[in-house]
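With the hints as constraints, model all of the structure from the sequences given.
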Amino acid sequence: MQGRITERHLALADQTFPGIADVYAALPDKPATFLQLVWLYEEAVREVARDAAGGTARA
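Using this note's numbering, you'd call the opening residue of the sequence shown number 1 and step up by one each time.
Rather than coming from a laboratory, the hints here were simulated on the basis of the structure.
Each residue gets a CB set at the ideal place from its N, CA and C atoms; glycine is no exception.
One should not assume that every hint holds.
[Said to hold, decoys possible] DEER-style ranges, computed between Cβ atoms:
1) Ala44 <-> Thr6: 19 to 25 Å
2) Ala11 <-> Ala44: 15 to 21 Å
3) Thr6 <-> Gly54: 36 to 42 Å
4) Leu12 <-> Arg50: 24 to 30 Å
5) Ala49 <-> Thr6: 17 to 23 Å
6) Asp14 <-> Ala49: 15 to 21 Å
7) Ala52 <-> Thr6: 27 to 33 Å
8) Pro28 <-> Val48: 17 to 23 Å
9) Leu12 <-> Gly54: 16 to 22 Å
10) Arg4 <-> Arg50: 16 to 22 Å
11) Ala53 <-> Arg4: 16 to 22 Å
And the structure:
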């Protein structure tokens with residue numbers, strides 16, 4: 001995928017990035033591009049990993 005993200009592409013994106021559709025749904029301000037969404041998703045994954053590790057995990 002490239003360029004602008006649309007909600008109809010989220011199911012396909014969720015196959016490669018599990019949970020990305022949930023991240024998108026939770027965002028009050030939607031990203032303009034798929035790349036921006038991936039960056040936000042990666043940050044969300046890092047935060048979950050940090051929380052699971054007791055706040056000690058580093059990216």
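Results of checking the hints against the structure:
Under the hint 19 to 25 Å, the C-beta atoms of Ala44 and Thr6, about 20 Å apart, fit the expected range. Against the hinted window of 15 to 21 Å, the Cβ-Cβ separation of Ala11 and Ala44 comes to about 18 Å, which satisfies the hint. For the pair Thr6 and Gly54, the beta carbons lie near 38 Å from each other, so the given range of 36 to 42 Å is met. A beta carbon spacing of about 28 Å between Leu12 and Arg50 agrees with the range 24 to 30 Å that was offered as a hint.
Distance hint check for Ala49 and Thr6: the Cβ-Cβ separation is about 29 Å, which falls outside the suggested range of 17 to 23 Å. Checked against the hint of 15 to 21 Å, the pair Asp14 and Ala49 passes, with Cβ atoms roughly 19 Å apart. Separation of Ala52 from Thr6 is about 32 Å and conforms to the stated range, judged on CB atoms against 27 to 33 Å. Under the hint 17 to 23 Å, the C-beta atoms of Pro28 and Val48, about 19 Å apart, fit the expected range.
A beta carbon spacing of about 34 Å between Leu12 and Gly54 contradicts the range 16 to 22 Å that was offered as a hint. At about 30 Å, the CB distance of Arg4 to Arg50 disagrees with the hint of 16 to 22 Å. The supplied range of 16 to 22 Å is broken by Ala53 and Arg4, whose beta-carbon atoms lie about 35 Å from each other.
Of the numbered hints given earlier, the model fails hints 5, 9, 10 and 11; all others are met.
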